[in-house]
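Each chain is listed here by its residues.
4 protein chains.
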Amino acid sequence: MNTFGTFFKLTTFGESHGPTIGGIIDGCPAGLKLDLDAIQLELNRRKPGQSAITTQRKEADEVKFLSGIFEGKTTGAPIGFQIENSDQKSKDYSHLKENFRPSHADFTYQKKYGTRDYRGGGRASARETASWVVAGAIAKQLLPEIKITAFTRSIGGISLKKDYPETSGLDFSEIEQNPVRCPDAEMALEMEKYIKQIRKEGDTVGGIVQCVVQNMPIGLGEPIFNKLHAQLGKAMLSINAVKGFEYGSGFSGTKMKGSEHNDLLETSGKTKTNFSGGIQGGISNGMDIYFNVAFKPVATIMQNQETIDRKGKQVEIAGKGRHDPCVVPRAIPIVEAMTALTLADFWLLHQIQNRNNK
Amino acid sequence: MNTFGTFFKLTTFGESHGPTIGGIIDGCPAGLKLDLDAIQLELNRRKPGQSAITTQRKEADEVKFLSGIFEGKTTGAPIGFQIENSDQKSKDYSHLKENFRPSHADFTYQKKYGTRDYRGGGRASARETASWVVAGAIAKQLLPEIKITAFTRSIGGISLKKDYPETSGLDFSEIEQNPVRCPDAEMALEMEKYIKQIRKEGDTVGGIVQCVVQNMPIGLGEPIFNKLHAQLGKAMLSINAVKGFEYGSGFSGTKMKGSEHNDLLETSGKTKTNFSGGIQGGISNGMDIYFNVAFKPVATIMQNQETIDRKGKQVEIAGKGRHDPCVVPRAIPIVEAMTALTLADFWLLHQIQNRNNK
Amino acid sequence: MNTFGTFFKLTTFGESHGPTIGGIIDGCPAGLKLDLDAIQLELNRRKPGQSAITTQRKEADEVKFLSGIFEGKTTGAPIGFQIENSDQKSKDYSHLKENFRPSHADFTYQKKYGTRDYRGGGRASARETASWVVAGAIAKQLLPEIKITAFTRSIGGISLKKDYPETSGLDFSEIEQNPVRCPDAEMALEMEKYIKQIRKEGDTVGGIVQCVVQNMPIGLGEPIFNKLHAQLGKAMLSINAVKGFEYGSGFSGTKMKGSEHNDLLETSGKTKTNFSGGIQGGISNGMDIYFNVAFKPVATIMQNQETIDRKGKQVEIAGKGRHDPCVVPRAIPIVEAMTALTLADFWLLHQIQNRNNK
Amino acid sequence: MNTFGTFFKLTTFGESHGPTIGGIIDGCPAGLKLDLDAIQLELNRRKPGQSAITTQRKEADEVKFLSGIFEGKTTGAPIGFQIENSDQKSKDYSHLKENFRPSHADFTYQKKYGTRDYRGGGRASARETASWVVAGAIAKQLLPEIKITAFTRSIGGISLKKDYPETSGLDFSEIEQNPVRCPDAEMALEMEKYIKQIRKEGDTVGGIVQCVVQNMPIGLGEPIFNKLHAQLGKAMLSINAVKGFEYGSGFSGTKMKGSEHNDLLETSGKTKTNFSGGIQGGISNGMDIYFNVAFKPVATIMQNQETIDRKGKQVEIAGKGRHDPCVVPRAIPIVEAMTALTLADFWLLHQIQNRNNK
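Residue numbers (this note's numbering), protein chains in the order written: chain R, 1 to 358; chain G, 1001 to 1358; chain V, 2001 to 2358; chain H, 3001 to 3358.
By construction, these hints were calculated from the structure, which means they are not laboratory data. Bear in mind that the values here come from a model prediction, so they are computed numbers and not experimental data. Among the clues, some could well be false.
DSS-like mimics (lysine-lysine), calculated; alpha carbons at most 27 Å apart, straight line [to be verified]:
| id | chain 1 | residue 1 | chain 2 | residue 2 |
| --- | --- | --- | --- | --- |
| 1 | V | K2161 | V | K2111 |
| 2 | G | K1058 | G | K1033 |
| 3 | V | K2073 | G | K1097 |
| 4 | R | K313 | R | K111 |
| 5 | G | K1257 | R | K162 |
| 6 | V | K2200 | V | K2320 |
| 7 | H | K3162 | V | K2257 |
| 8 | H | K3200 | V | K2257 |
| 9 | V | K2111 | G | K1073 |
| 10 | R | K311 | G | K1270 |
| 11 | G | K1073 | R | K257 |
| 12 | R | K147 | R | K162 |
| 13 | V | K2161 | G | K1058 |
| 14 | H | K3311 | V | K2320 |
| 15 | G | K1272 | G | K1162 |
| 16 | R | K270 | G | K1111 |
| 17 | H | K3313 | V | K2270 |
| 18 | H | K3311 | R | K33 |
| 19 | H | K3196 | H | K3162 |
| 20 | V | K2320 | V | K2193 |
| 21 | G | K1097 | V | K2064 |
| 22 | G | K1058 | G | K1193 |
| 23 | H | K3313 | R | K73 |
| 24 | V | K2320 | H | K3270 |
| 25 | H | K3272 | H | K3257 |
| 26 | R | K111 | G | K1064 |
| 27 | V | K2073 | V | K2033 |
| 28 | H | K3064 | R | K58 |
| 29 | V | K2270 | G | K1111 |
| 30 | V | K2257 | H | K3161 |
Pair by pair, the computed Cβ-Cβ distance ranges are [said to hold, decoys possible]:
| id | chain 1 | residue 1 | chain 2 | residue 2 | range |
| --- | --- | --- | --- | --- | --- |
| 31 | G | S1173 | R | E166 | 43 to 49 Å |
| 32 | R | K270 | G | K1162 | 55 to 61 Å |
| 33 | G | L1189 | V | P2019 | 42 to 48 Å |
| 34 | H | F3172 | V | D2037 | 53 to 59 Å |
| 35 | G | G1312 | H | E3098 | 48 to 54 Å |
Incomplete in silico selection of chain R near chain H, CB under 8 Å [stated by the list, open to error]:
| id | residue |
| --- | --- |
| 36 | M1 |
| 37 | H17 |
| 38 | G72 |
| 39 | G76 |
| 40 | L160 |
We put the beta carbon where it would ideally sit given N, CA and C, even for glycine.
Sequences are here, hints too, so could you generate the full structure?
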């Protein structure tokens, strides 16, 4: 169950403090010329230590490809890759051996498997997502015409005043200009300040990421169990710390009437409004796809908390090491990567679903 | 892609106006004594025409089992079943042949497949979910100790004042006592009135379903791509008209600090709070699971709407036939069924994941 | 585990003496015009009671399609179908309740599942293969350019004198002209006589089916675990009573030297010889595919045999009812159907494996 | 399609002359104490250069585990591993860039993918099977009670005089005492001589491997499409150079009558004979499983052969480098590994198929 996708498949392995993490991408078509720099660039966006508001842990995070690429192109063979864990300070985590950190996976792993690699969270560490970013970057290159843009919509209670469709009109080139990855420079400053304050308190905070997919082809997605939004939802809910997903009108759509919510069709095939979020009956209709992803506050805080040890005894525990006060800025490239993986999977399937498409 | 689940698998077929819908359940263990009445009861909860606020379309909705059951018990062979489409008024839908209804799947099916069975929505009809309810009812019987309860939390802007954990203390026996399926009798009346008024306007309205899972075993769910909440999210987003999913603290958790949000562990292994929604690191921790599911207003309204026909010409269209003004009350058993299917799948997998569990 | 295929998927259900058997075909592309008569024709070739050397059991064996076809074409939705079990003489099999027939699946089903539907073999009956023939007939129509021909190569010790490539030059139109389905009319007579004699003895006999696939496209099959011949082998070994599979030079190739066995390439891209059986590295090379399938003698004989009952007590048992003295003639359409299903699966996959194929 | 298994899953990557080959094992239960030396031992049995009758190519073939093992035990997380390609003499293969070797995968890879990594056969090299041996060795440790023994039954026309059940009585400890891996020391000498002579001629030869599985539990295997023997057949046909598979009575069983072939049940639940090969209705019956695997002669010979280059021009080609004159001796551990993987997969599934097994 460490595989994502059915046609464009990513299978991963690795723990936070093992020698390496990595994966195998199976199903990438042959003949795709890969821009390796672009892949590394995505990894750098996810990397720890990239700004003043992320963890100061250092990882080179350089991906090494082991197979499936020959003379710069994919060969149709599986693409094996790995990323070394260069900065393993195992000592920092020795206190985790006996104790279950609150709202972490320590307790559930121990109960499920009867054992766990406790160093740095082991398999449960968000370090795993580096492999997703590698695969997602390749998926993006498979679908160059589709434009996937994620950005920070809110940090704690501080939120963009605009929502889609206004957000789609924001200056997306601003996103990488600030450490929060918010397309509104002013809001970004406010958010950054807030994160710094939270960190000073030894605390953490959550936020919402919005993702907008432009230039979508029509017809991606399955009608019943693998609806496009259901797979996107699954993809997003796979990301560490995610608590919710909504697309199109989402939760606010529950308060609307049908006469307000329906997207009327124009002769161009486009719709006047886009409460459907670019998906109808589980299938893309060519309009922008947009969705929100809710991230909870990071569980590791620099304050004392009550918890129990493996024997059930009450103990106190406090975060050590270097942690993010807020995962949202580093989650942006992960949201994009998982979106790209989802779309690549459906795009491949779509090629063989209609005999008359040939 | 018409299969849900990996171990306890449901594969379905059928269109709204074909001779029958149905499915095959593969992977149900042998030796399970089935209560067939309980299965039919779940179907009746989903059935059209059951109350004054649902569509008046009549379907007998009787499930007929074709295989896999012998002398009242499952044999380990696949369970084939079907439900006849008894009340097919194909004439009502003849106007759908040429036109694309707004916010329906007509346009996307036609573009994806180059054709579609337009009668009553064909494969896109929510009639499909009757098969899910059958399979979910069997999944429930496989896991009798787990208690899954869904109910209406809001209709349009009218919402229960309470949220989890208070909602878990509501009188769940009240749910089936009112046509809205709300555990608060007073709110239920208000919601019912509102739905009736909306129907008079020829309009429709959305709402939110909450689901609470009690008596959960520890250890269900996968750590990486098949996190328990990711699969629940996918399951819910597979239901027609769903626009969003959140579990535990959900979207409101994004505004909390880690120090507020963390669920401190007690010596019993339980947590003081349950913002995690019973799931940590993708794996159940034994606390209640709870989540919200957002339903949009039904797309078919009894008012004139602008749209286009298959040739792209602008036309006007209005709903005909008998439709639900609000899907939420009938969605309750579907939410429960998809929850049960998801849990059964993980429960089977869990049996083989730990050598020392034997 | 009642599903065959990954892209063109068949999932089946049903027992020999239940109300119906059937299945769901998922993944058939939209827009395929179906010749329903051709499907029924394949079913008739498999049907019991078709000649003097098959069982006299009567089954109408009419397939009824329930979904996925609209106005004569596939819609991309799953194709549900069923075949009624019209001639269920359950009484004939009542003696099977307590006893395990030798070389049947009675013992293993009982031990594995703790129960079994003993009527007529239940799920283990070869009646199941009628559903395969339906799906295979649709697969054949998806790939009209590929010509799949199976025929009887031997019955007991009576064998065609010719082997491939000579067999590919036989008059295949002769196959359906005799009840044995052997392309050599003279040999067919001899085989028929032998089967009749065996039946008189209350005994049964095995045989070998050869299958030749002509007009194969290049490139079908996967290099590693889903080699084209590995999937064909799995498909054939799924057929009841099959004990062996060999393709190309097969077992006799083990005695050859490389210098004899290698197929030298000509400038046309064809090879001078075809010991490879049309597959190299798991992938079709455009030459004919040919393979042999070994069928054991039917286990049900009309003679007394020692066996045990469910309590382990020694008992005597003899076949009752109407059974085939030799399955080979009726197995011909099943071999073709499973070949077609295998090729359809790979053909769909192949469409998306090479970016430059577009 | 680079994954084998459904529950105990192996996914592999790597080319003969890339930096490394390797894989990910997903689904191995937690809490399994691993004997790493035993795994390396299996690899050594497959290693090139181990005797005078195998290729003199040297590979250290040391497996390095990257994840999923902690304090000597499996954790339930995926087990990543790799084996470095230490002895890449890429120059030896430069002549392969332009030419298609007869009866190799060069032509089919090029046509399917439009490109290929031609160095040493790339992905098509049997070096891939080293990864299978690693995974198979772990599967063996998961099922310590089952005894899997493969051995050389014939080399070219030189064959063991005995067949099963006599072969099961041979001294299996002899197998590793001779370079041919034949349990009959005298025959082994004869086979060895023959292989040496063939090598002198610059030629190659095939042979047959027999595998016997003892101490089988009852109930492994699926009744319909994943019959135990169908999966074993698929597993064997996945091995490079395999042309055929038969189990139990196999092809010779086609000449028997039912009255001779049927395995009569004794009160112990065992059968008097074992023509069924330990499998009835696709499910193990507790008797020994035995099967034969046919290997063709190695395609690379040290003689001149006619072939074509990528442009279709006729050219001559001769083998260079160091190759096996016969793959059979080194195939023995691969046959065992693939058998173990197949059984492990079914064994896990079997744990959850019968509610009353608990």
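- request: Compare the structure with the hints numbered earlier in the document and write down the numbers of the violated ones, lowest to highest.
  value: 1, 2, 11, 13, 14, 26, 29, 32, 37, 38 and 40
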